[in-house]
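Asker: The chain contents come next:
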Amino acid sequence: MKTFPIIRDLVTDVSFNFEQAKKVPALMPPPMPEGGYIMFQEDVERGQEFRKCIECFMCQDVCHVIRDHEANKLHYSGPRFFIRYAELEMHPLDMNDRRDLVREEMGLGYCNITKCCTEVCPEHIKITDNAIIPLKERVVDAHYDPVAWLGRKIRRKTKTSAQDAAVQPAP
Amino acid sequence: MTSSYEHHDYDVLIIGAGGAGLRAAIEAKQRGLKVGIITKSLLGKAHTVMAEGGMAAAMGNVSSEDNWKVHFRDTMRGGKFLNNNRMAELHAKESPDRVHELEQWGALFDRTTEGKILQRDFGGHRYARLAHVGDRTGLELIRTLQQKVVSMDTDVFMECKVLKLVHDGDGRIAGCVAYWRPTGEFVTFSAKAVILATGGAGKSWKFTSNSWEGTGDGHAMALWAGAQLIDMECIQFHPTGMVWPLSVRGLLVTEGVRGDGGVLRNSEGQRFMFNYVAPMFRDETAETEEEGDKWYDDHAAGRRPPELLPRDEVARAINAEVKAGRGSPHGGVYLDIASRRTPEFIRRRLPSMYHQFMELAGVDITSESMEIGPTCHYIMGGVKVDADTAATLVPGLFAAGEVAGGMHGANRLGGNSLSDLVVFGRRAGMGAADYIESGQAATSMDMSEVEAAIKDALAPFEKTEGENPYDIQRDLQEMMQLNVGIIRTASEIEDATNQLETFTQRVKNIAVKGGRAYNPGWNLATDLPSMISVCKTVARGASLRKESRGGHTREDFPKADPEFAKFNFAHTTDGGNWDSGIVTTESPLLPMPEELQALLEETK
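Heads up: the sequence lines are chains A and B, in that order.
With the working numbering, the residue at position 17 of the first sequence is 662, and numbering never jumps.
With the working numbering, the residue at position 467 of the second sequence is 488, and numbering never jumps.
One chain only, chain A, in its complex shape (with noise of 0.2 Å):
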């Protein structure tokens, strides 16, 4: 109730969350081959983790980022858009890459793992755990780690970089 402005009684504005849900780039996923794509149930089983959010927003309400700093709603998502981010970036079949948008606009960094939002999961999702500091992880790999970086500054990367995948449209 605190993160959103109250329209009467216990309704409020949430339309915070359908914004940021523009953002997210889609799937990008190779064309598909005769008979349907191939992913065994290990793979698909940490991203249905993800999808089984009932879009309650109760986890970005309770966040303190967004909760006791109006100012960051301009650049931070908030974690029910974190799982997201984490179940495409998971996906065996994307070849879109968020990382450099995670870390650029939609604030990942902010978030200070207090697990709150993990707590009030209806769906009993470990936000925290199993999404948005694996992800935190791959973005560090990704900007920080040394070898990376040289690996980069050799070789032209062969991901699409986070604001190319922003404009590309899914297949």
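There could be a bad hint or two in this list.
[Claimed, not checked] A few chain B residues that face chain A, going by a derived Cβ cut-off under 7 Å, partial list only:
id: 1; residue: GLY65
id: 2; residue: HIS121
id: 3; residue: GLY136
id: 4; residue: VAL171
id: 5; residue: THR175
id: 6; residue: TYR539
No lab work stands behind these hints, which were simulated from the structure alone.
Glycine included, every Cβ here is placed at the ideal spot set by N, Cα and C.
Use these hints to put chain B onto chain A, whose structure you have.
Answerer: Same frame as chain A, now just chain B:
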């Protein structure tokens, strides 16, 4: 346009943001059209998420014998041959492509050990056919479509309630008039084509799995606009819904509980289903508890326990026990798995059900019985459409999903609903685009229709004394459950028909206080005309269909009559308003091509 209302203009306007509406939007958008979606609720909250079991598609990943022909046959048999056979054919042929398409858009279905999409068995389907994600397949479908629609930058109008469709001067659909729930301000939308994807109408029954949105708005608006409604008497009651607490009354309890060993007991603790095995099922059903119990571990060691009879059989038995005074305190019976399986087993096999009862009812199903009863689940009837284009009889109006009729005939098979949404959602998008490209679409709205609809909507504010809309809704639900519920009989249907006239007068006498911003009483007052119209067509169909078939059971005509398998009852109004009279005709079934006929006869 010279109106003082907020106004938006689209090529294709879609009313309803469930599976069918979103799939239609994607299709129309891909054709380069300007698309708007209106939803009474929020994006992603549609009733599609209630679907648990899966999405039927003859991909043959688990049973290689499966193909569209078997799926077509299963659908027609399940529908007791009242189906539109062309719809059943298209559905069976196209659903595998729609499943694969969802996967390209991000859906994560459960997998086989070879990494293909896993398919599960379900009632009425000859082979394992349901692509699924645990027991939350509907949620997966809506999220996938929602995220696709958002990525295509489609306009979505949320918390916007459509009051009525608006024609041009020549009887073509030209748009609609609506209001914003947050402010109560009116808004008009003009469009070259309108697609109805509003879902079901179950909110008019006391025990229902439908949430507040399911008031039959699309059914009613199509009826008022001049389209036909067919098969409205065919309503599916799911045997096991929660009956307590009130806030979750009607919420589904999956068939899986019984599949995994759960049994039904009355207030005397008796496992009563053994007393309700109809002659046609006796050969395949266990006679004793011992025999039934052996079946769970080894299907060859005994016959199926009677708890696993088809949905309508189980629903009728529960109904009879309650009527005989052997029900639970809240008007249901007991579903007991606690005394039959270990807590570990229950938690592992039925995680969602454990979670649902623990969180919502404070009942631990590993140690206590669940209180359950039949719940209104799905309406097979709906707007009569052309199978290939989803076009209704009114130019410019299309319908897809639960609001459309014909696909499921008299009874829907589990799993055929999610595939219905995407197969015919896509076709509605195509049909609307073709219609627009043909250059015959309306170009202007008849503003007198807009003004009339707004005047009707505001009437409750003009009275200082009058009926409370919640009282009317509660009484209507009680009345329909009692008189046009699972088991029907001539005298009760007649009583319902008469009472619906009284309800019509009561709705006209509604008084609402307060402002228009988020006024739930007023919001309900604007839903009630839809509910009344739908109930009238249901009662009419139930009265005329003097037989029992699928989702329509008559106590006074317990057998199916082949004469009634030749047509659908089709309803229109004589004035285009919610209080107009209902006119009913017999609409002959679509003739079945020989090659499809041959498929049905193969296994007879």
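Asker: Each hint needs a verdict: does it hold in this structure or not?
Answerer: Going down the list of hints, with the structure as the test:
1. GLY65: holds (5 Å)
2. HIS121: holds (5 Å)
3. GLY136: Holds, about 4 Å.
4. VAL171: Since the shortest Cβ distance to chain A is 5 Å, the answer is holds.
5. THR175: Because about 10 Å separates THR175/B from the closest Cβ in chain A, which is outside the 7 Å limit, the hint is violated.
6. TYR539: holds (5 Å)
Against the hints set out earlier in the document, a violation occurs for number 5 only.
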